[in-house]
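A.B. asks: Chain residues, written in single-letter form:
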Amino acid sequence: MSDVIAAGRTPFEALNGLSMPGLSAAPDRTRYILRGRAGILAPVAEVLGFALPTDACRATGSDQRHALWLGPDEWLLLSPAGDRLDKALAFAIGDVAHSVVEVSHRQVGIVLDRPDAAAVLSVGCALDLDLAAFPVGMCTRTMFAKTEIVLWRTGENVFQIEVWRSFADYLWRYLVLAGAEFA
Amino acid sequence: MLVITCPYCGPRPEIEFAHGGEAHIARPQDPSSLGVEDWTEFLYMRANPKGLHAERWRHLHGCARFFNALRDTTTDQFVATYRTGEPRPDLAAVKA
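As given, the protein sequences belong to chains A and B, one line each in that order.
Per the working numbering, the first sequence starts with residue 1, numbered consecutively.
Per the working numbering, the second sequence starts with residue 1, numbered consecutively.
If we strip away everything but chain A, and leave its shape as in the complex, we get:
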């Protein structure tokens, strides 16, 4: 697996171009799982340049970096490939109990951007994806068919999906099948 990642290969190459309008692989990212209690909020905000979301299932961010609320003491940090944050975070947080784990290669990003994106996702996801129940800026771990995903709405019809890389092929094929229902 590590040689596959080192070669810059993605799980999508084996799909031989199988795709549908609006479905694309997200650009390469650096990802961290940050865990800690209230004491880490201030130092982390200084490193990131914005405050971590403390409201349930919400994301905050700047142009480049984003923090997604996953749990009351757990966040997913997304930044452009190569934007390493671990040392700066550890230095800023200091002795306050916390954990920063890099998961850049554990998961991959998929973008679904099409007018019926919510309907396509609803084929495999039991959440209410109406704009009132799942507004822009909301993010959450959830299930899509048989795989766990992080679902993040970045626009009315734009969803970012983070999925463990070995499930990416399955998720991609499922989304293409789901999209076929609305073709």
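A portion of the hints provided could be inaccurate.
[To be verified] Chain B stretches covered by chain A per the calculated footprint, using a threshold of three residues with CB under 8 Å from any CB of chain A:
no., region
1, 4-15
2, 58-65
[Stated by the list, open to error] DEER-style ranges, computed between Cβ atoms:
no., chain 1, residue 1, chain 2, residue 2, range
3, B, 21, A, 37, 25 to 31 Å
4, B, 41, A, 146, 35 to 41 Å
5, B, 74, A, 13, 52 to 58 Å
6, B, 84, A, 133, 24 to 30 Å
For the record, the hints were derived by calculation from the structure and aren't laboratory data.
Just so you know, these numbers come straight off a predicted model, no measurement behind them.
Each residue gets a CB set at the ideal place from its N, CA and C atoms; glycine is no exception.
Guided by the hints, dock chain B onto chain A, whose structure is given.
C.D. replies: Relative to chain A, chain B alone:
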């Protein structure tokens, strides 16, 4: 599909949750001084009521946090959910 209200995330589909057994079972303070009978009681004996049951649940595919729920074992209805560490809600207050 059941909709279960996570105390952190709000109402969510049941496929995101995992059951965690009976709630409010405190581990003995000094296990080594416990007799076999008492240890068995702690490890294995559960209330198994017909009706309201306080249970631990985990929002496994959501915020991944444990919480407690009052569920009616006959109707499968979730009467109340509350965070770990909070006391079991008053029955009369729940029904009101």
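A.B. asks: Please go over all the hints and tell whether each is borne out by the structure.
C.D. replies: Quick rundown of the hints versus the structure:
With a cut-off of 8 Å between beta carbons, the region 4-15 of chain B has 6 residues touching chain A; three or more are needed, and the interface restraint holds. Check on the region 58-65 of chain B: 5 of its residues sit with their Cβ under 8 Å from a Cβ of chain A, so the three-residue criterion for coverage holds. Take residue 21 of chain B and residue 37 of chain A: their Cβ atoms lie about 26 Å apart, and the range 25 to 31 Å holds. Take residue 41 of chain B and residue 146 of chain A: their Cβ atoms lie about 39 Å apart, and the range 35 to 41 Å holds.
About 53 Å separates the C-beta atoms of residue 74 of chain B and residue 13 of chain A, a value consistent with the hinted range of 52 to 58 Å. At about 26 Å, the beta-carbon gap between residue 84 of chain B and residue 133 of chain A stays in the expected band of 24 to 30 Å.
Hint compliance for this structure: no hint is broken.
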